[in-house]
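S.K.: The primary structure of each chain is shown beneath.
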Amino acid sequence: ILNVEQSPQSLHVQEGDSTNFTCSFPSSNFYALHWYRWETAKSPEALFVMTLNGDEKKKGRISATLNTKEGYSYLYIKGSQPEDSATYLCAPSGTYKYIFGTGTRLKVLA
Amino acid sequence: GAGVSQSPSNKVTEKGKDVELRCDPISGHTALYWYRQSLGQGLEFLIYFQGNSAPDKSGLPSDRFSAERTGGSVSTLTIQRTQQEDSAVYLCASSLGPGGSDTQYFGPGTRLTVL
Chain A
1 ILNVEQSPQS LHVQEGDSTN FTCSFPSSNF YALHWYRWET AKSPEALFVM TLNGDEKKKG
61 RISATLNTKE GYSYLYIKGS QPEDSATYLC APSGTYKYIF GTGTRLKVLA
Chain B
1 GAGVSQSPSN KVTEKGKDVE LRCDPISGHT ALYWYRQSLG QGLEFLIYFQ GNSAPDKSGL
61 PSDRFSAERT GGSVSTLTIQ RTQQEDSAVY LCASSLGPGG SDTQYFGPGT RLTVL
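Listed in order, the protein sequences are those of chains A and B.
Last residue of the first sequence: 110 in my numbering, with the numbers rising by one and none dropped.
Last residue of the second sequence: 115 in my numbering, with the numbers rising by one and none dropped.
This is chain A alone, in the form it adopts within the complex (with noise of 0.2 Å):
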């Protein structure tokens, strides 16, 4: 798996505002989709995997898509909050190995 792309590369938006992101990664030897939330100063975070086309997955006000057939994922942020700010990682996976994308830098102004 190669060339993982994640869109936009940075956002700012008003706090209450919706949002989503976009990762696209070739469809070939793919197994598994992975979301992390990455805060400044700390972990990545797992939110979501999703490995069968179609999978939708929700965690409050976060829910995420799945097209295995062409290649893409959406990250949803209904109502966005100040401390919804962070990078959002996506990353497919082969049997074992994941690559990152570079990442989606959101901003939430309140």
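Careful: at least some of the hints might be erroneous.
[As the list claims (entries may be wrong)] Under the rule of at most 30 Å between Cα atoms (straight-line distance), these lysine-lysine pairs were calculated in the DSBU-like manner:
1) B:LYS57 - A:LYS107
2) B:LYS57 - B:LYS17
3) A:LYS42 - B:LYS15
4) A:LYS107 - A:LYS57
5) B:LYS11 - A:LYS107
6) B:LYS57 - A:LYS97
7) A:LYS42 - B:LYS11
8) A:LYS57 - B:LYS17
9) B:LYS57 - A:LYS42
10) A:LYS78 - A:LYS57
11) A:LYS97 - A:LYS42
[Stated by the list, open to error] Sample of chain A residues with no beta-carbon within 12 Å of chain B, all distances over it, derived:
12) ALA41
13) THR51
14) ILE62
15) GLY71
[Stated by the list, open to error] Some residues of chain B that are not near chain A, with every Cβ distance over 10 Å (derived):
16) GLY3
17) VAL19
18) SER62
Just so you know, these hints were derived from the structure itself, not from any lab.
All figures in this text were calculated on a predicted structure; none of them were measured in a lab.
All residues carry an ideal CB built from backbone N, CA and C; glycine is no exception.
Given chain A, work out where chain B should sit, using these hints.
M.R.: For chain B alone, kept in the frame of chain A given last:
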């Protein structure tokens, strides 16, 4: 329970010196990974351990980099003759198994600065 720990949290060294970075994975996790993030870059895979074996060392940038894992637990990443381009945050992660759907749990990282 305890998460993944790494030490030191910060390391400043002079060019040409050797450094050792330590990772204590979550107890019972058989898979262990080392990554690094250089300034402005994404997370770069370095090496993967399954137990004490390293089936994939393909991400190690040069022969100055080596890693070992003992007792299926603690891992040490050693960088010999450090160069300024080695400056980065080095992250360790562990997972219950090596499966691609297993969640990796990350440590807080070691920030290495080579002067």
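S.K.: I'd like to know which numbered hints this structure contradicts. Please list them from smallest to largest.
M.R.: 1, 8, 12, 13 and 16
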